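*Asks:* Sequence:
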Amino acid sequence: MAKRNFSMVEYFNKRAQDWVPQLAFQGSTPADWQAWRAKALPKLLELLGEFPQPVDPAPDVIYASEEGGIIRERVVIDSEEYMSIPCVVLRPTDMPANGKGRAILCSHGHGPFGKEPVAGNRARPDLVAEIAKYHYNYAEEMARRGYLTIAPDLRVFGERADGGNPYPGRDKCNVHFIRGALLGIYTLTLNIWDMKVCIDYLQSRPEVDPERIGMMGLSQGGTMTTFTSAVEPRIKVADIMGYVNSWKGFGIQRSNFCGSQMVPEVYRYLDTSDIAGLIAPRPLLIEMGIHDTCFFIEDTLRGFEGVQRIYQAAGCADKLWADVHPNEHAFAGNKAYDFFDKYL
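Taking this note's numbering, the leading residue of the sequence shown gets 155, the next gets one more, and so forth.
Everything labelled a hint here was simulated from the structure, so no lab data went into it. Treat the numbers as computed from the prediction; the structure is a model and nothing was measured. The reader is advised that the hints may include incorrect statements.
Claimed, not checked - Using 30 Å as the maximum straight-line C-alpha spacing, the simulated DSSO-like pairs for lysine-lysine come out as follows:
| hint | residue 1 | residue 2 |
| --- | --- | --- |
| 1 | LYS254 | LYS193 |
| 2 | LYS157 | LYS350 |
| 3 | LYS390 | LYS350 |
| 4 | LYS287 | LYS193 |
| 5 | LYS193 | LYS350 |
| 6 | LYS473 | LYS489 |
Construct the entire structure; sequences and hints are all you get.
*Replies:* Next up, the structure:
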């Protein structure tokens, strides 16, 4: 052979060099979009595998307290036979229980504190620092702007972290991905299911209009917003922050992901821009930080262009918004408030 190689790093880089997913959107017309969507959405659902069987959610409000015009509730919901979801629900004190309120599902990123900074918990200096670093308290901020928000812990984070370090020296997301894969069960799919259960709960709230529910999330929360909104039509508006960059860059070349954020063979068929494109024709905001060192701006801009092609073909280009901001990996908050106010 002319050139020999022993490096698995180089091997996968070369294999992905000219990779084009089999169902990558290539069209330009409404008919192209309809035909593509009819194939892409079933394939994504196939890749995710079976969702758990539903159970009685038996929601329990553990406590409720008022703080600065906001009512903060700790709520626990059962999502399947062997799992429950701890959540923080926030709402304005003057939100009436008339079934007309707007609600937002707020997903946290891959970090040590789960939902707490997203919900504005400032009980410790490290939580305060986390909020300041990422402008992370978007569930609290949206509640102060009139929305009912729910911030759940994703599996293996926050209160669901098994003490924080059950497998010393290993990423627990990857460990649980492998454990589940042995059974054909994927943590991303389980987290999507939990998000669907949270939507069920929001629709049951007396304050909320069941047809006015949105979703937003940063980083892994962006992953969750992308995948959940793609397969869950009850999400009417979505804000994806710090995500929608090709699997080739952050997945293959930089390995900047965990087992909670992918399913086997996903890039064989779909890139992240295709998955986000399945949200069309619903309104979508994508936030991209120029100084983001987690998801590089060059990659997210290319991802946005891929989503833009889908929205243009679907005839709803005006419902796709971009917020390119001069920050790191963070919630920008430049356009999100106007975006949700307009569409939700």
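*Asks:* Is LYS254 close enough to LYS193, meaning Cα to Cα at most 30 Å?
*Replies:* 35 Å, violated
*Asks:* Can you confirm whether the C-alpha distance between LYS157 and LYS350 stays at or below 30 Å?
*Replies:* Between LYS157 and LYS350 the Cα gap is close to 50 Å, so the pair fails against 30 Å, i.e. violated.
*Asks:* Given the proposed pairing of LYS287 with LYS193, does the C-alpha separation stay at or below 30 Å?
*Replies:* 40 Å, violated
*Asks:* Would the pair LYS193 and LYS350 pass a check requiring their Cα atoms to be no farther apart than 30 Å?
*Replies:* 22 Å, holds
*Asks:* Are the Cα positions of LYS473 and LYS489 separated by 30 Å at most?
*Replies:* 13 Å, holds
*Asks:* Measure nothing beyond the straight line between the CA atoms of LYS390 and LYS350; if it is 30 Å or shorter, mark the hint as holding.
*Replies:* 13 Å, holds
Going through the hint list in order, the structure does not satisfy hints 1, 2 and 4.
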